[in-house]
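Q: With the hints as extra help, turn the sequences into a complete structure.
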Amino acid sequence: MIERELTVRNQAGIHTRPASMIVQTASQFDADVFLQRDNYEINGKSVIGVMTLAAEQGATLTLIVEGRDEEAAADALEDLFEDGFGEEL
Amino acid sequence: MHEPKTFQKDEITVAFMIEQLRETVGVEVEPVAAGGAATERAVTEDNLHRPGLALAGYVELFTHQRVQILGNTENRYLRHLDAAARRQAFRNLTQFDLPCIILTDGNKLESALVQMAADAGIPVYRTSLPTVQFMASLRNFLTDQFAPQRSVHGSLVDVYGIGLLLIGKPGIGKSEVALDLVERGHRLVADDVVIATKRDEAILMGSGTDLVQHFMEVRGLGLVDIRAMFGIRAIRFQKRIEVVVNMQLWDSEKEYTRINMVEDTHEILGVDLPMVQVPITPGKNITVICEVIAMNYLLRHYGYDPAEVFTERLQRRIQSDGPPTPRRGIEYFEQDYE
Numbered sequence: 001m002i003e004r005e006l007t008v009r010n011q012a013g014i015h016t017r018p019a020s021m022i023v024q025t026a027s028q029f030d031a032d033v034f035l036q037r038d039n040y041e042i043n044g045k046s047v048i049g050v051m052t053l054a055a056e057q058g059a060t061l062t063l064i065v066e067g068r069d070e071e072a073a074a075d076a077l078e079d080l081f082e083d084g085f086g087e088e089l
Numbered sequence: 001m002h003e004p005k006t007f008q009k010d011e012i013t014v015a016f017m018i019e020q021l022r023e024t025v026g027v028e029v030e031p032v033a034a035g036g037a038a039t040e041r042a043v044t045e046d047n048l049h050r051p052g053l054a055l056a057g058y059v060e061l062f063t064h065q066r067v068q069i070l071g072n073t074e075n076r077y078l079r080h081l082d083a084a085a086r087r088q089a090f091r092n093l094t095q096f097d098l099p100c101i102i103l104t105d106g107n108k109l110e111s112a113l114v115q116m117a118a119d120a121g122i123p124v125y126r127t128s129l130p131t132v133q134f135m136a137s138l139r140n141f142l143t144d145q146f147a148p149q150r151s152v153h154g155s156l157v158d159v160y161g162i163g164l165l166l167i168g169k170p171g172i173g174k175s176e177v178a179l180d181l182v183e184r185g186h187r188l189v190a191d192d193v194v195i196a197t198k199r200d201e202a203i204l205m206g207s208g209t210d211l212v213q214h215f216m217e218v219r220g221l222g223l224v225d226i227r228a229m230f231g232i233r234a235i236r237f238q239k240r241i242e243v244v245v246n247m248q249l250w251d252s253e254k255e256y257t258r259i260n261m262v263e264d265t266h267e268i269l270g271v272d273l274p275m276v277q278v279p280i281t282p283g284k285n286i287t288v289i290c291e292v293i294a295m296n297y298l299l300r301h302y303g304y305d306p307a308e309v310f311t312e313r314l315q316r317r318i319q320s321d322g323p324p325t326p327r328r329g330i331e332y333f334e335q336d337y338e
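The listed protein sequences derive, respectively, from chains A and B. The numbering of the first sequence is the numbering used here, which starts it at 1 and goes up by one. The numbering of the second sequence is the numbering used here, which starts it at 1 and goes up by one.
These stretches of chain A come out as covered by chain B in the derived footprint (C-beta under 8 Å, 3 or more residues):
1) 31-42
2) 52-66
Negatives, chain A to chain B, calculated, CB over 12 Å:
3) R9
4) Q11
5) A12
6) L89
Since the hints were made in silico from the structure, they are not lab data. As the structure is a prediction and not an experimental result, all values here were calculated from the model. Glycine included, each C-beta is placed from N, C-alpha and C at the ideal position.
A: This is the structure we're talking about:
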């Protein structure tokens, strides 16, 4: 199991487009993906779930990945956050 | 396996508690002293306290962090004292950081004492409800507020009055089954994110989130709003979670139950719910399976267990002396050759 802290960097936060990017990326992997905000946790392969995090710019989320390809999944998702989902930082 | 986190509220404000008591619980409560900023004080636990001993001067172990209730006994005790002693007794309370004081059963507080509470920044309220009744309502409300909660990835649908929680791997078709159930007249509580709240020891209540409500994501379609599409009869805002339906790809290695529908349990917040494993195979109508699961649960709930009934019937046949070959269910066809 991998656990990483991720920060939302783009100005608009995780709105619908970044949410679907996260889910699309997570769904490419076999591993289970979870995102936590404080003690609220959702499945990273659910668009509705990711959107309920209502994560604004600067919000810190905990990424939890578990499964045989967890390393690759965690890296791919971290890149996505680092890149600000390709949006304005 | 990763354990999902649970969360619960650490505190609510007095103002929120009073507002909710009025609006959702339906209890009349009116302010007596210290409005404004004082009502932002925090209530941090669901227990209530009647501070009889504290009024009498014994404040050791005084649970001052709880909502303080002054009923008939406490008020009569205060009234039987002379003015100076009364203020002294009341000071025993106001020296602490109380969240608030509530007078029950229509009791009134002398204005000097009301002023003392106001000076200490402690909000005071009164209600005409009898003490025991008011405490039961308030306690019930607070227990719910501070109850442990957890988000569950799945869909919650009310099927014939039974709360079915559909779980399974992403992409297995939970939302599609939920949609199909709604189409057949059942009611959606929440899709994808269900907030489970524990009530008492063995009851789990489910609801959606305030953000999503009855929106649903259907792969290939995007977001749809069930309430807007199907109307008010297709939704609910809360439902007890009673049965878990675990949808999974058919696994030929796995032995599925053939006789008893419910053998497994699924644990959420320490509550073990009956779980039915439903393997997904081509040509299988999961919606109908869900309806049958709900109806079977209802039958069992009202004391009829089909597996047990059939087992007994078979037992009797084995032990009886009749012919061993199966007999036709009908002895004689009436003149009805349709």
